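From the two separate chains plus the hints, produce the assembled complex.
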Amino acid sequence: MSVLVYTENWDGKFKKSSFELVSYASKVAEMMGTSAVAVSIGNVDEAELKLLGNYGAQKVISVNQDNLKTLDSQAYTSAIASVAEKIGAKVIVVANNNSGKSIAPRLSVRLKAALGAGVSKLPISTSPFTVYKRAFSGGAYADVVLKTDVKVITLAQNSFDVIETANNAVIEKMDISVDAPKTQVKEVQKQSGKLLLTDAEIVVSGGRGMKSADNWAPIVELADLLGGATACSRPVSDEGWRPHDEHTGQTGKIIAPNLYFAVGISGATQHIAGVSSSKYIVAINNDKSAPIFEVAQYGIVGDAQKVLPQLVAAVKEIKGK
Amino acid sequence: MKILVCISNVPDTTTKVKFVDGDTKLDTNGIQWVINPWDELSLTRALELKDDASTGVKSVTVAHVGLATSEPTIRKALAIGADDAIRVNADPTDAYNVAAQIAEVVKKEQFDIIMCGIESSDFNSSAVGSMVAEFLGMPSVSAVSNLKIENGTAVITREIDGGKEIISVPAPFVAIVQKGIAKEPRIAAMRGIMMARTKAIKLYEPVAIDALTETAKFEMPAARAACKFVDAENPKQLIELLQAETKLI
Ligand SMILES: Cc1cc2nc3c(=O)[nH]c(=O)nc-3n(C[C@H](O)[C@H](O)[C@H](O)COP(=O)(O)OP(=O)(O)OC[C@H]3O[C@@H](n4cnc5c(N)ncnc54)[C@H](O)[C@@H]3O)c2cc1C
Ligand SMILES: Cc1cc2nc3c(=O)[nH]c(=O)nc-3n(C[C@H](O)[C@H](O)[C@H](O)COP(=O)(O)OP(=O)(O)OC[C@H]3O[C@@H](n4cnc5c(N)ncnc54)[C@H](O)[C@@H]3O)c2cc1C
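Sequences listed follow chains A and B, in order.
Residue numbers are given in my numbering: position 196 of the first sequence equals residue 196, and the series is strictly consecutive.
Here my numbering = 1-based position in the second sequence + 321.
Extracted from the complex, chain B is given alone in its bound form (with noise of 0.2 Å):
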């Protein structure tokens, strides 16, 4: 069985983004770039099965479309344990252009699981799996918070509302993973981090497929009202207030 795990490129989780150019560009200057949060948890989720040699699970690939400059995020990936690497040489501008990337990609590799993360923290979009599917014609699972493989098919864990579901599902498929699916990213080790220099990452120029969306202008959150203070010494007045101004007590 062989893994595809789907990485986006992102602003460190801290970051204050900021624009440039009428507000039309990110201001890259300053930005540390990470592996998206979800991806981490489900490139660890894949190497956990990967390390159980009853799951059958051969090996994990990752996959990002993007340009060279995020060639040090996929280095982090091959650092933590991924077998190899395939980057599609394309300046991401939305999702169905990189999942279309993405879905050539599998037509030539070949896949049995596929994961993307529920959403990039960048864009917000939660779609790139959903259409990596839809464009191989393949089932997608969503918001999957755990995923075993028991005698050679996939048992997958789905988030529902007020609870879970049990599903299981024939391989290939896209599985869109978010809380739970493994507890802890895993970490480079000092070992992993020498051999990711060794790895190699496969190049694929991109098919001519068009966006369809196009980010016309960025702004900044509606600014907040400044806090109202309440004595602490009389928390009773907080209530008060709240019921008379927001009139939702």
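Next up, chain A with everything else stripped away, as it sits in the complex (with noise of 0.2 Å):
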């Protein structure tokens, strides 16, 4: 019995996020008396595969070959399938990101395992084995029981802390045989080095309050002094003010960053679906009776032109920039 936890790479690096969701495993895995095994795919040298160890993981597989050069969804899941049969897992547990929503399903029914996705506690309950979800795009939360015997979670993004242990991982290479994969990868664009939105621990965030495309300068080098990434309102994108990447909501990214600014955003359900995990939430807007303020903890009724200035000007005296 274990606890299996996927773990992806970017160009053979971890990132936090990996980092949270072996901190997850192996929290669940002691709420069940075992212990963590990471599985790990493609090419990442033994160095970076030990780090798991730092958050719990007892041992990490390391499966390495041509046939999961890309990530084919029915390759991946005969993979992490085959190892979780190997060790006898009783949970898999996903990244609930795109690379996670396209295995973690398939997985599922391999192994008729039940799913429980974007999770974003510890189990409320082994037995039965209940997860709390979110539901309804983030209106409400669903305790919901897994009722066999092998389950699958998705964790959402940073919803849980990195909890390091000393530990030592033992590294074990596995060899398995998937079968080629159907789906051809013909072309890859890809800017690197940027930090993701999807990543960010702060956001900066603005909506059809900011007039015009022109007005964007304060927003990104607020995000810039902060370290933050920039992000948008629907509306925003829709009229090309900003890259589409940047859309934001039940439609566009769901975020879950620490600190979100939300400058000339109303705050419509749709809107707030996608940044409703965030830790805190910053309003600024010129309507005292704007719906974003009964989500935000921060606020200043004002007109953003005015305030995003002198925010840029007080970041940069703190950081002594």
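Hints may be right or wrong, so weigh each one.
[Unchecked claim] The calculated BS3-like cross-link candidates involving lysine-lysine, where the alpha carbons are at most 27 Å apart (straight line), are:
hint : chain 1 : residue 1 : chain 2 : residue 2
1    : B       : Lys538    : A       : Lys27
2    : B       : Lys568    : A       : Lys15
3    : A       : Lys306    : B       : Lys549
4    : B       : Lys500    : A       : Lys69
5    : A       : Lys59     : A       : Lys173
6    : A       : Lys190    : B       : Lys485
7    : A       : Lys59     : A       : Lys121
8    : B       : Lys428    : A       : Lys182
9    : A       : Lys321    : B       : Lys557
Simulated from the structure, these hints should not be mistaken for lab results.
Small disclaimer: the values here were computed from a predicted structure and weren't measured.
As structure tokens, this is what we get:
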């Protein structure tokens, strides 16, 4: 028996979110009186694999072969399911990101294992095995019983803190044969080095109240100064004021930063659906009755054009820039 | 080529949900039901492909797993332009069960492309599309922001962290679509609404497959602390507060 956690890598490296995932899996294992094993797919060096031990993985299984060079959901599912069966995994933990969403549901069917998707806490109980997950796009949460012997959980991003432990993981290379992928990647267009909106701990976001694309400089500057990323509401990306990959909300990106600045954003339900898991929301809006203030912990009622430059100046002062 | 678009029937996106029976059931009183936003866009893209004769797409069918109460939502999809519809007469209780029912439909009717949304706005599992594919042993592509058909084969744009990939995949396959798949949802014109009345909704009885999960109880989101207001004349104070209280700056 064990808890298996799939840790994705980005060009051979793990991220903070990988460590959150392993920390979570270790805690679930503890609740079940067993240990956590991580599985990594692709080319990751030994030193990097070892890092997973610092968050509680007793063992790290590394699978690396040609048929797993690109993310083909069938091939990845085969590989992870084989590992799970070999080690007798009772719970499989996967990230609730794009890759995780393409693998976890397939694992659920392959192993006839109940899926708890978008879970944001440790299981409420292990018997019956009950998880707490987002429902109605953040309008509510559901306690869901996973009724099968083996379970699959996808963990919501930034929902669990990293826990470091003194522990030395055993690294094991495993040969697993999987069929050649049916999907073929023809071309990759990738901007590397840029902080991803979904990884950012601080996000500064602008809405229609910013009035025009020309007014974005202080939003970008504030985000840069805080080491964060920029985002926007849907009408802003629809207008072409900002790129589509910044669109946040129900029909855009769902994010969970520690600090979310909503500037000139009214706070429509569909926008809130994408940001309601943020630890703190800060609202700047010239309308005191804007719904965004109902979900914000900090607010300024005022004109964004006047307030933003002063926020930028204040951060510069604090950071000594 | 035949396309199947899977549609989920969800409360209007502005709904403030409430629960009854000791918080075990959704209070459906006064709820407006709509086609899940992603599925509306997915249907739109399927119809765009059909409109373009060069793609070879001959028909667009919608499928829904749900009770008769969801027929108005299916009619809406027909009014928007779907050629026909299938309803599996089952109470949808989890993604596994829903996907198993859809897989049975596909086995009987044979489609080349099956389109699902990335997430249903009610239970947010992002699961049905990939599960359908696994039940059928088909390839699936997630995070699809564009789907084209060139010389009879599908060319897909998949969103990845910090960029995109162009992927080709042989039919039949499942495409799990997200932002970008279509610009604006197509809306039903008067003619479409009239025609929808005469289009068939084919009824399938469900196969016996148990759900693997059960919703024990709903909870409202934890209350957030009330907003602390800072004077607009002194924004610096906001930064000081954030620094002192959240330790994030
Ligand atoms: C199916 C569906 C899905 C949707 N999905 C999304 C989604 O994913 N994301 C999303 O964002 N929206 C989404 N929407 C749209 C959503 O309903 C709102 O229309 C949208 O969020 C409003 O964007 P906004 O807050 O930028 O603009 P507005 O609602 O126009 O708000 C602008 C705000 O700026 C304030 N303001 C004006 N001038 C100033 C100033 N000088 N200084 C400070 N404040 C100022 C105003 O008081 C106002 O509150 C969706 C809608 C539907 C129907
Ligand atoms: C009154 C009521 C109560 C419900 N209670 C529950 C409950 O307690 N637990 C629960 O899990 N579900 C419940 N459902 C069913 C729910 O609406 C979904 O159909 C189903 O559970 C899948 O949700 P998901 O979040 O897993 O979908 P996702 O996997 O997020 O959906 C992704 C895509 O799958 C397709 N899809 C999803 N559902 C259907 C469907 N029914 N028919 C055809 N295609 C579909 C769509 O393309 C959708 O975009 C209930 C439905 C109703 C009307």
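Next on the checklist: Need the status of pair Lys190/A, Lys485/B: alpha-carbon distance at most 27 Å?
Outcome noted: Satisfied, since the Cα-Cα distance of roughly 6 Å is no more than 27 Å.
Checklist entry - Do the alpha carbons of Lys306/A and Lys549/B lie within 27 Å of each other, as the hint requires? => result 19 Å, holds
Checklist entry - Within a Cα-Cα threshold of 27 Å, do Lys428/B and Lys182/A meet the stated pairing? => result Answer holds: Lys428/B to Lys182/A is near 20 Å, not above 27 Å.
Item to check | Satisfaction of hint between Lys121/A and Lys59/A, Cα-Cα up to 27 Å | outcome: 23 Å, holds
Checklist entry - Taking only the CA atoms, is the gap from Lys538/B to Lys27/A under or equal to 27 Å? => result 24 Å, holds
Next on the checklist: With the threshold set at 27 Å, check whether the alpha-carbon distance from Lys500/B to Lys69/A stays at or below it.
Outcome noted: Holds, because 26 Å separates the two Cα atoms, which is no more than 27 Å.
Checklist entry - CA of Lys568/B to CA of Lys15/A, is that 27 Å or under? => result 22 Å, holds
Checklist entry - Does the alpha-carbon distance linking Lys321/A and Lys557/B stay inside the 27 Å limit? => result Roughly 15 Å separates the two Cα atoms, so the pair holds.
Item to check | 27 Å Cα cutoff - pair Lys59/A, Lys173/A | outcome: Holds: Lys59/A and Lys173/A sit about 11 Å apart, inside 27 Å.
Checked against the numbered hints above, the structure violates none of them.
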